[in-house]
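Between the sequences and the hints, there should be enough to build the whole structure, so can you do that?
2 protein chains.
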Amino acid sequence: MKKQHISDAVIRRLPRYYRYLDELHSRGIVRISSSMLGKRMGITASQIRQDLSCFGEFGQQGYGYNIMELRAEIGHILGVDEQNRLIIIGAGHLGHALLQNFDFAQAGFRLDTAFDVSEALIGTEVNGVAIRSMDELDGYCAAVRPAVAVLTVPKSAAQEIADRLAALGVSGLWNFTNVELSVAEHVFVENVHFADSLLTLSYRISKKSEAENES
Amino acid sequence: MKKQHISDAVIRRLPRYYRYLDELHSRGIVRISSSMLGKRMGITASQIRQDLSCFGEFGQQGYGYNIMELRAEIGHILGVDEQNRLIIIGAGHLGHALLQNFDFAQAGFRLDTAFDVSEALIGTEVNGVAIRSMDELDGYCAAVRPAVAVLTVPKSAAQEIADRLAALGVSGLWNFTNVELSVAEHVFVENVHFADSLLTLSYRISKKSEAENES
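So the sequences go chain by chain: A and B. Residue numbers for the first sequence follow our numbering, so the first one is 1 and each next one is one higher. Residue numbers for the second sequence follow our numbering, so the first one is 216 and each next one is one higher.
What the hints contain is simulated information worked out from the structure, not anything from laboratory work.
The following residues of chain A were derived to be distant from chain B, with all beta-carbon distances above 12 Å: (1) Ile29; (2) Ala45; (3) Glu57; (4) Phe58; (5) Gly59; (6) Gly64; (7) Asn66; (8) Ala72; (9) Val117; (10) Glu119; (11) Gly123; (12) Glu160; (13) Asp163; (14) Arg164; (15) Ala167.
What follows is a list of derived Cβ distance ranges for each label pair: (16) Tyr63/A to Arg255/B: 41 to 51 Å; (17) Val359/B to Gly56/A: 45 to 55 Å; (18) Tyr63/A to Gln315/B: 49 to 59 Å.
Quick list of in silico lysine-lysine cross-link-like pairs, DSS-like style, CA-CA up to 27 Å: (19) Lys39/A to Lys370/B; (20) Lys155/A to Lys254/B; (21) Lys423/B to Lys254/B.
Just so you know, even glycine gets a beta-carbon here, dropped at the ideal spot from N, CA and C.
Put into structure tokens, the structure is as follows:
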């Protein structure tokens with residue numbers, strides 16, 4: 001594999017490729033050209049070829065991509081075959097929603113367990129996953145070494161728990177708390193900012209109604 | 216305001232500016248230079264100046280930006296002062312989490328009500344918001360004309376409900392269902408793809424462990 005700096009924009013497109021290829025694969029489609037794939041995704045064929053060239057050689061001139069192969073290759077690049085261990089911190093409504101509905105295995109993670117401070121939740125199971133006391137977190141991390149922790153805790157607790165997880169050797173935080181965390185350099189933080197997404201929608205709607213009012 | 220095509224990348228940075236300015240404002244900071252703001256956000260000062268120049272003239276050479284003013288201007292561009300009406304379709308765990316924790320007013324929306332098919336939920340309130348029957352949806356939309364619907368329904372129901380909402384005149388769908396919706400052109404769809412975000416984190420972790428194994 002070539003050694004080069006890969007831009008954030010390219011990295012963020014990889015999961016989209018993976019998702020589209022997955023959908024095509026599940027519909028029984030065997031191959032697709034870069035122009036057809038681009039059309040579906042709203043990007044150009046040359047963008048796709050350029051993105052993929054960062055990681056090696058894929059597809060064949062005049063034949064296109066074998067969907068199953070390309071999906072497996074991109075999955076490999078994304079690390080989905082590593083089955084890293086993942087824990088959830090905070091089993092409130094959002095933690096619950098993820099426990100019930102999100103397919104962690106499909107994203108390449110093995111969901112081990114969840115932690116909470118609520119006595120009502122500790123000792124229960126959600127979708128087959130045990131909810132443990134936060135008091136057990138340190139021992140658990142020392143024994144199991146989870147790679148990623150999902151943060152679905154209240155804002156007020158977010159930074160303190162992030163520090164604790166970083167000290168416990170977690171490599172990544174999937175952060176739903178809407179707090180900009182400062183963590184040690186060895187920890188990657190991936191934020192899900194709901195508000196950014198809704199504000200983007202707000203922008204598009206407001207520009208549309210502006211345009212209608214002007215016409 | 217200048218008329219020009221504004222790229223998706225610029226539009227997606229606006230909510231980030233808004234969020235950072237909000238945080239600075241809440242800390243009592245009055246002004247900031249583009250280079251300091253860029254440093255915090257991990258982008259260049261010239262990127263910020265270029266982005267903002269799409270929308271008008273902001274800041275003053277050698278003085279920087281007045282945080283409260285710039286925040287208000289960007290908020291205005293994003294449409295947060297329009298207080299558009301919003302409804303939630305699906306009051307399961309995720310819908311519940313949004314009802315409980317998400318500040319719709321801060322994002323410029325007025326959360327009216329939520330709809331569900333569950334008899335156990337219909338007629339109840341979550342955080343002061345009434346849960347209504349899906350049977351009331353058509354009448355409600357005709358009377359109130361909500362601009363945006365949040366889709367927190369099961370995958371299997373997503374497309375059908377999206378079509379129904381489009382026919383009822385909704386302008387935007389905030390889609391948490393992980394289904395790629397096809398809707399009429401007048402409807403904007405903003406997707407929250409949890410998996411894309413987690414896969415990005417997976418990529419970074421797997422590249423890191425690769426680098427460690429090689430060194």
